[in-house]
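Asks: Chain order of the listed sequences is A and B.
Here the working numbering is used: the first residue of the first sequence is 1, the next is one more, and so on.
Here the working numbering is used: the first residue of the second sequence is 1, the next is one more, and so on.
Bear in mind the hints are in silico, worked out from the structure with no lab data behind them.
We put the beta carbon where it would ideally sit given N, CA and C, even for glycine.
Be aware that one or more of the hints could be misleading.
As the list claims (entries may be wrong) - Result set (BS3-like, lysine-lysine): computed pairs, CA atoms no more than 30 Å apart in a straight line:
hint	chain 1	residue 1	chain 2	residue 2
1	A	K38	A	K28
2	A	K254	A	K62
3	A	K253	A	K31
4	A	K38	B	K43
5	A	K84	B	K43
6	A	K28	A	K254
Claimed, not checked - Chain B side only, calculated, beta carbon under 8 Å to chain A, not exhaustive:
hint	residue
7	F3
8	L13
9	I30
10	Y49
11	L61
12	Y63
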Amino acid sequence: MKTVRHFAATMFSPLRRTAAVIAKYWRKARKATKPLTKHGYIWLMTVAMLVAAEATLIWAPKVGIYVNAVALVGLTAIGMLSEKARKVAISMAIIPVANMVTASFMPHGALGQATVLYVTLLVLAILYRLLFTLGYPLDKTKLAYKGHAFGLPLMLVTGQILGVIGYGFLRHHYPYAHYSLPLVALVSVIFAFAEEILLRGLIQQEGGQLFHPALAAFATTILYVFLTIDHGTLLALPVAILMGAVLSFTYYKKQNLILTTAINAAAKLTYVGLVAGFILR
Amino acid sequence: MFFHFPLHAMTNLRQTVLLINTVLLIAALIVVELVYSESEPRKRRELRYFYPLFLVLSGLLVYAVYVQRNGL
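The task is simple: from the sequences and hints, build the whole structure.
Replies: See below:
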């Protein structure tokens, strides 16, 4: 009997040791990833609602307007019920509201629609950014000026590279071909500012207070992709993913809206300029 | 490269959106009345975060009335 026990112990001890090592590493991995999944259910709910609204608006607009309204109700409900998720949920609710405003006015032409959409986003984003950051200490918003002498030119070059890549993919899908170039150039800068103040300055910043900052950056990348893609071409997808990832990563690292706006505006202006120079001439 | 608004000028769809907006505004006001009307002042201060959204929805209601009056 003793021999059998001894044999079993020698047989299973390496297995037990291996299981103990695996359990130790599992506990370590869980501990390391715990901050990343903090409030993950709120992240999942808010992002999923907006993604569902945007995706159905693209592929089935008549259903999409109802899903958009449901997303607005859901985000407002989260904002009312959960104190910690209030700012993030309300920041995200700006997107369905802007969709409703644009669908209500329904202006003719791509630039008219984009202008109504962007102006609504910009006005609400500025209002909420002011409302939310009234009580913040200055270092939370980090609109620091030092380091811009090196940072800004680098961001402008990054933006130009993104613009060239965008031109490579979307040169035959330019939406504002029937409008004057200076007008499009001017609104491109305003559009870039509106995108940045909403996605980075509001959603990513407020998201970074609630979730892990990397998770907030991932959320804004997803939102950027779904707001930008066009059912007319799949070529918009890689450009949107690349631009969204670069902009979110820059804000994740620097928390500076001036730098991300510089990238975004430079990319848009480069794209518009290249299309005007080579395709529309 | 730019945000893309997927809907095109469709009068039927605009009427539906304006109707949904009116329903949402009324529902939101009912919820606010039920949740906040008898709550303590500290909790009632949370409502300020919803004012801009209500303002936009109210503006759309005014626009819906204008559209109906002028048969647009």
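Asks: Restraint: Y49 of chain B near chain A, CB-CB cut 8 Å. Satisfied or not?
Replies: holds, 5 Å
Asks: Verify the proposed pairing of K253 of chain A with K31 of chain A, using a straight-line Cα cut of 30 Å.
Replies: The given pair, whose Cα atoms are some 23 Å apart, holds under the 30 Å limit.
Asks: Is the shortest C-beta separation between Y63 of chain B and chain A less than 8 Å?
Replies: holds, 6 Å
Asks: Let's test the interface hint: is any C-beta of chain A closer than 8 Å to that of I30 of chain B?
Replies: violated, 12 Å
Asks: Would the pair K28 of chain A and K254 of chain A pass a check requiring their Cα atoms to be no farther apart than 30 Å?
Replies: With a Cα-Cα distance of about 29 Å, the restraint between K28 of chain A and K254 of chain A holds, given a limit of 30 Å.
Asks: For K84 of chain A and K43 of chain B, compute the direct alpha-carbon distance and say whether it is at most 30 Å.
Replies: The hint holds at about 14 Å.
Asks: Any CB of chain A closer than 8 Å to the CB of L61 of chain B?
Replies: violated, 10 Å
Asks: Does K28 of chain A sit within 30 Å of K38 of chain A, going by the straight-line distance between their CA atoms?
Replies: holds, 16 Å
Asks: Within a Cα-Cα threshold of 30 Å, do K38 of chain A and K43 of chain B meet the stated pairing?
Replies: Roughly 25 Å separates the two Cα atoms, so the pair holds.
Asks: Less than 8 Å between beta-carbons is the criterion; does F3 of chain B satisfy it with respect to chain A?
Replies: holds, 5 Å
Asks: When the nearest CB of chain A is found for L13 of chain B, is that gap smaller than 8 Å?
Replies: At about 7 Å, which falls below the 8 Å cut-off, the nearest Cβ of chain A leaves the hint on L13 of chain B intact, so it holds.
Asks: Can you confirm whether the C-alpha distance between K254 of chain A and K62 of chain A stays at or below 30 Å?
Replies: violated, 40 Å
Going through the hint list in order, the structure does not satisfy hints 2, 9 and 11.
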